[in-house]
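K.L.:
Chains as they are written, first to last, in my numbering: chain A, 247 to 599; chain B, -14 to 292.
Hints listed in this document are in silico derivations from the structure and should not be mistaken for laboratory results.
One or more of the hints may lead you astray.
Here are the simulated SDA-like pairs of lysine to any residue, each with C-alpha atoms no more than 25 Å apart in a straight line [to be verified]:
1) B/146 / B/116
2) A/462 / A/261
3) A/481 / A/463
4) B/286 / B/121
5) B/286 / A/541
6) B/286 / A/463
7) B/286 / A/487
8) B/146 / B/224
9) A/436 / A/296
10) B/286 / A/385
11) B/286 / A/485
12) B/286 / A/264
13) A/436 / A/264
14) B/145 / B/172
15) A/481 / B/145
16) B/286 / A/250
17) A/481 / B/287
What follows is a set of in silico ranges between Cβ atoms, one per label pair, in the way DEER data are often shown [said to hold, decoys possible]:
18) B/242 / A/418: 45 to 55 Å
19) A/382 / B/199: 18 to 28 Å
20) B/197 / A/274: 33 to 43 Å
21) B/269 / A/263: 39 to 49 Å
22) B/101 / A/455: 51 to 61 Å
23) A/418 / B/203: 30 to 40 Å
24) A/382 / B/207: 50 to 60 Å
25) A/256 / B/45: 37 to 47 Å
Since this is a predicted model, take the numbers as computed values, not measurements.
Backbone N, C-alpha and C define an ideal beta-carbon position, used for all residues, glycine too.
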Amino acid sequence: MIFVEARAVTRWYHEWIAVLIALILTVATASALLASLGLDPVSSLHRIFIRPLNSVYGVSELLAKATPLITIGVALALGFRAGVWNIGAEGQLVMGGLCGGAVALAFWGVDGFWVMPLILLGGTLGGLVWGAIPAFLKVRFNANEILVSLMLTYVAILMLSVMVHGPLRDPAGFNFPESRLFHDAATLPKLFSAGRGHLGFVFALMFAVLGTWVVKRWHLGFEMRVTGLSPTAAKFAGYSRDRTVWMALLIGGAVSGFAGVVEVTGNIGQLVPNISPSYGFTAIIVAFLARLHPLAVIPAGLLVALSYLAGEAAQLSLGIPAASTQVFQGLLLFFLLGTSLLVNYRIRFGRIG
Amino acid sequence: MDYGLLSSIIHAILVASTPLVFAGLGALIQERAGVLNLGIEGLMIVGALAGFATALAGYPLLMSVLAAALAGALLASIFAVLVLRLYANPVATGLALTLFGLGLAALAGSQYVGQAAPQVDTWAIPVLHHLPVIGHALFSHDPLVYLSILMAFVIWWFLKKSRAGLILRAVGENHTSAHALGFSVRGIRFLAITSGGALAAIGGSYLTLVQTPLFVEGMTAGRGWIALALVVFASWRPFRVIAGAYLFGSVTILQLHSQAFGISIPAQWLSMLPYIVTIVALVLISARGEKGLAAPGSLGKIFRVSR
């Protein structure tokens, strides 16, 4: 008989051993899948995971993809610690991109040091509002934040589509659903001579540090952690559940909105109907991979960003669809969730008792 | 009014709504057992591929649908094991299921892109299908449309009239009490998850077998999320799932015909409606907190056996 037993002592490294096991299992399963498709696993994995990083261009692309993942991952890690399930970061990102992009287009051609901060502020506010809606509905009407934030994601994506097909469309763009290209003052500088890595990555790193500080040093972070770990204890301590819901969703919304405006001003350079390959959803994996530690979100974000590059590489060099990268992401999340049991429990063989 | 057009629009609405009926019922049976499964989208697309591949191999419709159901049940059992046995977080696990399903279908389905499934026969209901207007609109469909409505009846009967259904609802309302009464919470939830997964996958297979007899990656296009919304909109009742699905289907079809009706607002505004209506419904249901309208008491909560 196999059963699980609560660990008497949990050590800090138990978490990371579980993560390591999950990573190994993911690679093993991915190899088996590749082998079943008649591909040599070792050389295929090398081609899709290692080779894309063999150039400045590749590293720069990696940083570009990791930027929104890390930024949003930090905010989600905070919210998930509090037990608030903001599944709609994707919508908050899109809203941030849309609002920030609209500001950029409103000030098109205007130069000045204040233009960029204003754009970033616009995007952050857009995301904040989109996060505030589920928070308000949860606190006021007890409406499930998972479903509300999820539904709002699709509303945001459709709203972006309306805007780039209509009011924000480039007047000289031959009716293509795209805005005009942002001017230089509304574009974040690139980090390297090649690839799309941009200043947003530095912001992402700052968010990770700030997030760690909030979790470790701020009373707010403590309150959110307690609320997530034990709602009853939080109630006795006098911490307000409503306040935690508000904070988690407002932080999640604002930061995701910021990630969205950074994505359009740093990476894309204009508004298009599709500004995110599900970064907002994938950031959930990042937060879990980091075991909700803001600082660990940095390597986790880089790793998941690599899976995006790997998808593109797989399409080019192996001829398998880029969407198969989601198999890898899904597997990784499955194994992470499955092995997280090992952190607080250990597997025992023998009789219960 | 052109009755021929009206008739074909109603016909099209039923076809557009049927995947949502199946998937909505699949989500409903799980949620009544207290399981919130965000993996419906992944289950649907895997069902779409499994059904399509079986049909291309020359098997009859029944086999294709069964293959889809089996694929859905298998995929859902991964979710079940993680959530029920390993106490994994259900929200994240469901999301992983969606990602995995979408990726797996894209990977395994790339070889089928561009091929077309054989046409499914129409089962015209004797006598009734000769009726003017509604004959074509309602009584001259493929067998799966009728099956979807039958399933709603079966699930309604099961939940409302059968002892097993009562136990399932007890598990969903309060898993601690149900456990104390000696019911196997995990066993019942496992069955609910796998059968719900099978239903969602059948919904997906309708897309590739009937609606657009083609397979394209990502072709479920968010229908799994709409199905989840639908269950809330229907306040966890099977017949309201049908009503909701037809309403959602109507919006989709209306969008396609909006130009013909002289509606000139962008189609995206109409597409937003289902999501906004769902949020409003959710708020109304949650705010009133009426008995019988609210969500199952243990929905989405992790059940641990205490010793």
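K.L.:
None of the hints should be skipped; say for each whether it holds.
P.N.:
Verification of the hints:
Under the criterion of a C-alpha separation no larger than 25 Å, the hint pairing residue 146 of chain B with residue 116 of chain B is inconsistent with the structure, at around 34 Å. Between the alpha carbons of residue 462 of chain A and residue 261 of chain A the distance comes to roughly 18 Å, so the proposed pair stays at or under 25 Å and holds. Only pairs whose Cα atoms come within 25 Å are accepted, and residue 481 of chain A paired with residue 463 of chain A is accepted, the gap being roughly 21 Å. Between the alpha carbons of residue 286 of chain B and residue 121 of chain B the distance comes to roughly 45 Å, so the proposed pair goes past 25 Å and is violated.
Taking the CA atoms of residue 286 of chain B and residue 541 of chain A, the gap is near 29 Å; set against the 25 Å cutoff, the hint is violated. At roughly 30 Å between alpha-carbon atoms, residue 286 of chain B and residue 463 of chain A are farther apart than 25 Å, so this suggested pair is violated. For a cut-off of 25 Å, the pair hint linking residue 286 of chain B to residue 487 of chain A stands: about 18 Å separates their Cα positions. Of the supplied pair hints, the one linking residue 146 of chain B and residue 224 of chain B holds, its CA atoms being roughly 15 Å apart against a limit of 25 Å.
Annotation: proposed proximity of residue 436 of chain A to residue 296 of chain A holds, straight-line Cα distance about 23 Å (limit 25 Å). The hinted pair formed by residue 286 of chain B and residue 385 of chain A meets the criterion: a straight-line CA distance of about 19 Å does not exceed 25 Å. Straight-line distance between C-alpha atoms of residue 286 of chain B and residue 485 of chain A comes to about 22 Å, which keeps the hinted pair within the 25 Å bound. Only pairs whose Cα atoms come within 25 Å are accepted, and residue 286 of chain B paired with residue 264 of chain A is accepted, the gap being roughly 23 Å.
Our distance criterion of 25 Å between C-alpha atoms is broken by residue 436 of chain A and residue 264 of chain A, whose separation comes to about 36 Å. At most 25 Å may separate the alpha-carbon atoms for a hinted pair to count; residue 145 of chain B and residue 172 of chain B meet this at roughly 20 Å. Distance restraint check for residue 481 of chain A and residue 145 of chain B: the Cα-Cα separation of roughly 37 Å exceeds the 25 Å cut-off, and the hinted pair is therefore not satisfied. For the hint linking residue 286 of chain B to residue 250 of chain A, the alpha-carbon distance of about 20 Å falls within 25 Å, and the restraint holds.
Annotation: proposed proximity of residue 481 of chain A to residue 287 of chain B holds, straight-line Cα distance about 20 Å (limit 25 Å). Checked against the hint of 45 to 55 Å, the C-beta distance between residue 242 of chain B and residue 418 of chain A comes to roughly 33 Å, which is inconsistent with it. For residue 382 of chain A and residue 199 of chain B, the hinted distance range of 18 to 28 Å is not satisfied, since their beta carbons lie about 42 Å from each other. With their beta carbons about 36 Å apart, residue 197 of chain B and residue 274 of chain A fall inside the hinted range of 33 to 43 Å.
The hint said 39 to 49 Å for the Cβ distance between residue 269 of chain B and residue 263 of chain A, and at roughly 47 Å that hint holds. The hinted range of 51 to 61 Å is satisfied by residue 101 of chain B and residue 455 of chain A, whose Cβ atoms lie roughly 55 Å apart. The supplied range of 30 to 40 Å is met by residue 418 of chain A and residue 203 of chain B, whose beta-carbon atoms lie about 32 Å from each other. As the Cβ distance of residue 382 of chain A to residue 207 of chain B is approximately 24 Å, the hint placing it in 50 to 60 Å is violated.
Remark: the range hint 37 to 47 Å for residue 256 of chain A to residue 45 of chain B is contradicted by a beta-carbon distance near 55 Å.
Hints 1, 4, 5, 6, 13, 15, 18, 19, 24 and 25 from the earlier list are contradicted by this structure; the remaining hints agree with it.
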